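Enquirer: Sequence order for the protein chains is C and V. Those letters in the first sequence? Residues 1 to 237, per this note's numbering, in order. Those letters in the second sequence? Residues 1001 to 1186, per this note's numbering, in order.
Derived by calculation from the structure, the hints in this document are not laboratory data. Computed from a predicted structure; not experimentally measured. Cβ coordinates follow ideal geometry from the N, Cα and C atoms, glycine included. Watch out, some of these pointers could steer you wrong.
Unchecked claim - One-sided and incomplete, this derived list gives chain V residues near chain C with beta-carbon spacing under 7 Å: (1) Q1038; (2) D1041; (3) L1049; (4) V1131; (5) Y1138; (6) L1156.
Said to hold, decoys possible - Cross-link-like lysine-lysine pairs, in silico, DSS-like; alpha carbons within 25 Å at most: (7) C/K151 <-> C/K236; (8) C/K236 <-> V/K1050; (9) C/K236 <-> V/K1056; (10) C/K151 <-> V/K1005; (11) V/K1112 <-> C/K49; (12) C/K151 <-> V/K1004; (13) C/K236 <-> V/K1004; (14) V/K1083 <-> C/K204; (15) V/K1050 <-> C/K137; (16) C/K236 <-> C/K144; (17) C/K47 <-> V/K1112; (18) V/K1112 <-> C/K53.
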Amino acid sequence: MNKDENISEEQLNAFLDGELESEEISCVFDKAEQSAELDQRLCRQRKLKELVKHAYRDVPQPKRLSPVRRMPNSLLGMSLVASVLLVLGAAAGLFMHGFMDRDSLPGGFSAADNTQAAIVAENYILHVASGDPQQMKRALQMAKALLSSAKPGVARQVEVVANEQGLDLLRSDVSNFTNEISYLASENVVFYACSKTIQRLEEKGVVVKLVPEAIPGYTALDRVVLRMNDGWEYIKI
Amino acid sequence: MAYKKLLIISQRRAFRRLVANNRDRLYRMAFAWTGDPQLADDLVQQTLLKALSNQKQLRDFAAAEGWLFRILANCLTDYRRAKREFLSGDNLELVDKVTPEKWLKEEELVQKVRQAVQRLAINHRQVVTLVDLEEFSYASVAQILDIPVGTVMSRLCRGRRALREELLDNRSHETLTPAINIKRIK
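The shape of chain C in the complex, shown without the other chains:
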């Protein structure tokens, strides 16, 4: 008969996992002092716990597509033009900064004040994950409504990010909304196609053709988190 037979495996685990009260802990220590077998069981169980921890200390990272590799040439050209415009805009902004009164911004907020700028900006990222055409239609209607409801003088930005079945919205060969997307893009709504969803479809042998307005390269999560960090409002459709 084992000396430690009255210490169950559950109790041993609870001891190692810090789930016992101090009185019970003392009891296990006392019994381990008297029983080499129990002491050994404790050591082995501790070793096992450490082995599991050790095995997952560094885990392999998933392969992610690089945004540049997936960007079509036309979009690359557009992004270069956009970069040039951005630099010009920044230079103009710096030039104008000296002439602008703080009160000239709505609400008297400074753009340097992140908290208050977020209130002024009122930008939105809409997330479509559903393959239901009604939901897709709703997303596009909401994007349009958000643009038209912006306060005068406020440049509202709206992005639509599509993933999972929602990616169909931005697939040129299956989308029923190519005209609407084209119109909204002309109104500066930006469309992002989730790179992870594209990757999964391609792994299954699906050739993914996107509407020309869709930008691949970000995962839906990365784009949403990026925009939330910029103070944008996130809306799941």
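Once you have looked at the hints, place chain V on chain C.
Expert: Below, chain V alone, put in the same frame as chain C:
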């Protein structure tokens, strides 16, 4: 009105911090459950996007970590239902397809333990990894997996017993003990 907006912004910031702080931990757990980096990454994306869209449900930020892991567990359950996949790991191949001769002893050990974990039933695997990797209390694990604490204890017991038999009982001590070469301690 301005106060309400500031409150919303402050909540959003807190939530973004929550996402940023837990993404790697969720990924590690998803990888431990699935053994597949791509699937793990997909599950974490689903988890965080679900969390973002349901953030109003989160009343107490102190409980946020458990809440995120619970969503992850639900995402895995949904995935398994959809795929009719049980992630038993019986046919598991080593993640890095490097020939055994080229393994360093350290890598060999890691792979052996991961394989053993993958061979556990998913219910046991989830409990063992939540307790050992994240050091969640039994009560927290019970909440995350929506099971009684007693079930947590029995699954933990069975899972560890299976691991012990595979990793410690059936193999020589030397195989699982790499040469000790301590470089630094915390």
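Enquirer: Against this structure, judge whether each hint is valid.
Expert: Going down the list of hints, with the structure as the test:
1. Q1038: Cβ of V/Q1038 sits 5 Å from chain C, so the hint holds.
2. D1041: For V/D1041, the interface hint holds, since the closest Cβ of chain C sits about 4 Å away, which is under 7 Å.
3. L1049: Holds. Min distance 6 Å.
4. V1131: For V/V1131, the interface hint holds, since the closest Cβ of chain C sits about 6 Å away, which is under 7 Å.
5. Y1138: holds (6 Å)
6. L1156: holds (6 Å)
7. C/K151 <-> C/K236: holds (23 Å)
8. C/K236 <-> V/K1050: Given that 25 Å is the threshold and the Cα spacing comes to 9 Å, the pair holds.
9. C/K236 <-> V/K1056: Holds. C/K236 to V/K1056 sits at ~12 Å (cutoff 25 Å).
10. C/K151 <-> V/K1005: holds (16 Å)
11. V/K1112 <-> C/K49: holds (14 Å)
12. C/K151 <-> V/K1004: Given that 25 Å is the threshold and the Cα spacing comes to 19 Å, the pair holds.
13. C/K236 <-> V/K1004: Roughly 21 Å between the alpha carbons, so the hint for C/K236 and V/K1004 holds.
14. V/K1083 <-> C/K204: Given that 25 Å is the threshold and the Cα spacing comes to 14 Å, the pair holds.
15. V/K1050 <-> C/K137: holds (21 Å)
16. C/K236 <-> C/K144: holds (16 Å)
17. C/K47 <-> V/K1112: holds (15 Å)
18. V/K1112 <-> C/K53: With a Cα-Cα distance of about 13 Å, the restraint between V/K1112 and C/K53 holds, given a limit of 25 Å.
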